[in-house]
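Letter by letter, the sequence shown follows residues 1 to 318 in my numbering.
Hints were generated in silico from the structure; no laboratory data involved. The beta carbon of each residue, even a glycine, is placed where N, CA and C say it ideally should be. Hints may contain errors.
[Claimed, not checked] Only pairs whose alpha carbons sit at most 25 angstroms apart, straight line, appear in this in silico SDA-like list of lysine to any residue:
1) Lys49 - Lys293
2) Lys184 - Tyr250
3) Lys163 - His191
4) Lys49 - Thr133
5) Lys234 - Leu302
6) Lys293 - Ala124
7) Lys293 - Lys163
8) Lys24 - Leu285
9) Lys295 - Val48
10) Lys24 - Pro271
11) Lys293 - Leu233
12) Lys229 - Phe122
13) Lys163 - Ala14
14) Lys293 - Leu214
15) Lys293 - Val213
16) Lys293 - Leu70
17) Lys293 - His55
18) Lys163 - Phe102
19) Lys164 - Pro180
20) Lys184 - Gly197
[Stated by the list, open to error] Per label pair, the in silico range of CB-to-CB distance:
21) Leu19 - Ile259: 11 to 21 angstroms
22) Gly87 - Gln221: 22 to 32 angstroms
23) Phe304 - His191: 48 to 58 angstroms
24) Asn170 - Leu224: 34 to 44 angstroms
25) Leu129 - Lys164: 52 to 62 angstroms
26) Gly35 - Phe304: 10 to 20 angstroms
27) Ile226 - Gly87: 53 to 63 angstroms
28) Pro29 - Leu233: 42 to 52 angstroms
29) Pro166 - Pro128: 52 to 62 angstroms
30) Ser257 - Arg90: 28 to 38 angstroms
31) Leu129 - Glu20: 55 to 65 angstroms
32) Asn170 - Leu302: 48 to 58 angstroms
33) Ile226 - Thr133: 15 to 25 angstroms
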Amino acid sequence: MSDSNHTGAVFFLAGLPGLEAMHKWLSIPLCAMYGASLAGNSLILWLVKSEPSLHQPMYYLLSMLAVTDLGLSASTLPTMLPIYMLGLRRVSVDMCLTQLFFIHTFSIMESSVLLTMALDHFVAISNPLHYDTILMSPCIASLGLASVVRSLGLHIPAPIMLKKLPYCQNRLSHSYCLHPDVMKLACADTHINSAYGLFVVLSTLGVDSVLIVLSYMLILQTVLSIASKAERLKALNTCVSHICAVLLFYTPMIGLSVIHRFGRRASPSSPVLLSYLHFLMPPVLNPLVYTIKTKQIRLRMLRFFRSHGAGIRDVQAQ
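Produce the entire structure from the sequences given, and follow the hints as far as they go.
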């Protein structure tokens, strides 16, 4: 591949190493995951919009999380399904860089939303009497806008810098385009690109994760000061859904970083599987976790299915 800066140049994506013969079968659970992500997150958005009792800061934040999950699923889908269903691995450089931009942008947006949700839990537990005055709707909207601006602003330079590089290789190791993966294919000095990528990761995911841990340390300190054991358990129970979402998002990412730096003897499929867990599982499981653990969402969803079930029975009776 002599010059990938031309429009017609392509990269070749990869599926799961060693399971090429199973790719068509693997497309079935992949399609199910994308369908579940679309249905679950869309249902969350519809419930929050249609139910006046859910027009509260914590549910607005849940809607923001659903939007970022939908964006993350939509960013990975255009290359993953063609690979597994049709065996199509070719992707143009321009499309690859566009996908790279959106994947990383929505990933950072999800991290921002998780941090804002941690702040929401901290205020709700430590200062419940002033919760409505501290986290009003304009405040939530401002925090959401700030997360979008931060994510877009930090990632606009990345594809522009990668576009200027010459590439002497064209085989990527994932089913979608990621900044470190594309950068490795360049046959030029990438120290500036690498430094910028590290800066973005540390200033977003790194800072967010530290602040989330700090928030929960303060939450724990507040909860332990509550005299009643029942009240302590009730306060902690409100955080379970968010803790699950944080673990779903950050644990595979940490494992992926460890393998890239220290796991030289790890299986070739390990980074790919961890990458799938990081980008594919949160959009599927977050709606399920919040539906199970959030009483208001669960009750509203039950009423929705009961009303539709009653409507179907009435039609059948006629």
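Results for each hint:
Our distance criterion of 25 angstroms between C-alpha atoms is met by Lys49 and Lys293, whose separation comes to about 19 angstroms. Between the alpha carbons of Lys184 and Tyr250 the distance comes to roughly 24 angstroms, so the proposed pair stays at or under 25 angstroms and holds. With a C-alpha separation of about 15 angstroms, the suggested pairing of Lys163 with His191 holds against the 25 angstroms cut-off. The suggested pairing of Lys49 with Thr133 holds, with an alpha-carbon distance near 22 angstroms, which does not exceed 25 angstroms.
In summary, the hint linking Lys234 to Leu302 is supported, as the alpha carbons are separated by about 23 angstroms, within the 25 angstroms threshold. Distance check on the hinted pair: Lys293 and Ala124 sit about 17 angstroms apart at the alpha-carbon level, within 25 angstroms; holds. A threshold of 25 angstroms between alpha carbons decides the hint, and for Lys293 with Lys163 the separation of about 44 angstroms lies outside it, so the pair is violated. Distance restraint check for Lys24 and Leu285: the Cα-Cα separation of roughly 23 angstroms lies within the 25 angstroms cut-off, and the hinted pair is therefore satisfied.
Between Lys295 and Val48 the alpha-carbon distance is near 13 angstroms, which keeps this suggested pair within the 25 angstroms criterion. Our distance criterion of 25 angstroms between C-alpha atoms is met by Lys24 and Pro271, whose separation comes to about 21 angstroms. Taken as a hint, the Lys293 and Leu233 pair is honoured in the structure, with Cα atoms around 14 angstroms apart against an allowance of 25 angstroms. Restraint check: the Cα-Cα separation between Lys229 and Phe122 comes to about 19 angstroms, which is no more than 25 angstroms; the hinted pair holds.
Restraint check for Lys163 and Ala14: satisfied, since their Cα atoms lie roughly 21 angstroms apart, inside the 25 angstroms limit. Among the hinted pairs, Lys293 with Leu214 is consistent with the structure: their alpha-carbon atoms are about 23 angstroms apart, no more than 25 angstroms. Taken as a hint, the Lys293 and Val213 pair is honoured in the structure, with Cα atoms around 21 angstroms apart against an allowance of 25 angstroms. For the suggested pair Lys293 and Leu70, the alpha carbons sit about 21 angstroms apart, so the restraint of at most 25 angstroms is met.
For the given pair, Lys293 sits about 18 angstroms from His55 by alpha-carbon distance, which is consistent with the 25 angstroms threshold. Restraint check for Lys163 and Phe102: satisfied, since their Cα atoms lie roughly 15 angstroms apart, inside the 25 angstroms limit. At roughly 15 angstroms between alpha-carbon atoms, Lys164 and Pro180 fall within 25 angstroms of each other, so this suggested pair holds. A threshold of 25 angstroms between alpha carbons decides the hint, and for Lys184 with Gly197 the separation of about 13 angstroms falls inside it, so the pair holds.
Distance hint check: the CB atoms of Leu19 and Ile259 are about 18 angstroms apart, consistent with the given range 11 to 21 angstroms. At about 54 angstroms, the beta-carbon gap between Gly87 and Gln221 misses the expected band of 22 to 32 angstroms. For Phe304 paired with His191, a C-beta distance near 54 angstroms keeps the hint of 48 to 58 angstroms intact. Checked against the hint of 34 to 44 angstroms, the pair Asn170 and Leu224 fails, with Cβ atoms roughly 56 angstroms apart.
Our hint of 52 to 62 angstroms for Leu129 and Lys164 holds, since their Cβ atoms are close to 55 angstroms apart. About 18 angstroms separates the C-beta atoms of Gly35 and Phe304, a value consistent with the hinted range of 10 to 20 angstroms. Judged by the Cβ atoms, the range 53 to 63 angstroms given for Ile226 and Gly87 holds: they are separated by roughly 58 angstroms. Distance hint for Pro29 and Leu233: a CB-CB separation of about 36 angstroms, inconsistent with the stated range 42 to 52 angstroms.
One distance hint, 52 to 62 angstroms for the beta-carbon pair Pro166 and Pro128, holds here, with the actual separation near 58 angstroms. Between Ser257 and Arg90 the CB atoms are about 29 angstroms apart, so this pair conforms to the stated range of 28 to 38 angstroms. Judged by the Cβ atoms, the range 55 to 65 angstroms given for Leu129 and Glu20 holds: they are separated by roughly 60 angstroms. Distance hint for Asn170 and Leu302: a CB-CB separation of about 51 angstroms, consistent with the stated range 48 to 58 angstroms.
Against the hinted window of 15 to 25 angstroms, the Cβ-Cβ separation of Ile226 and Thr133 comes to about 22 angstroms, which satisfies the hint.
The structure fails hints 7, 22, 24, 28 (numbered hints given earlier, in ascending order).
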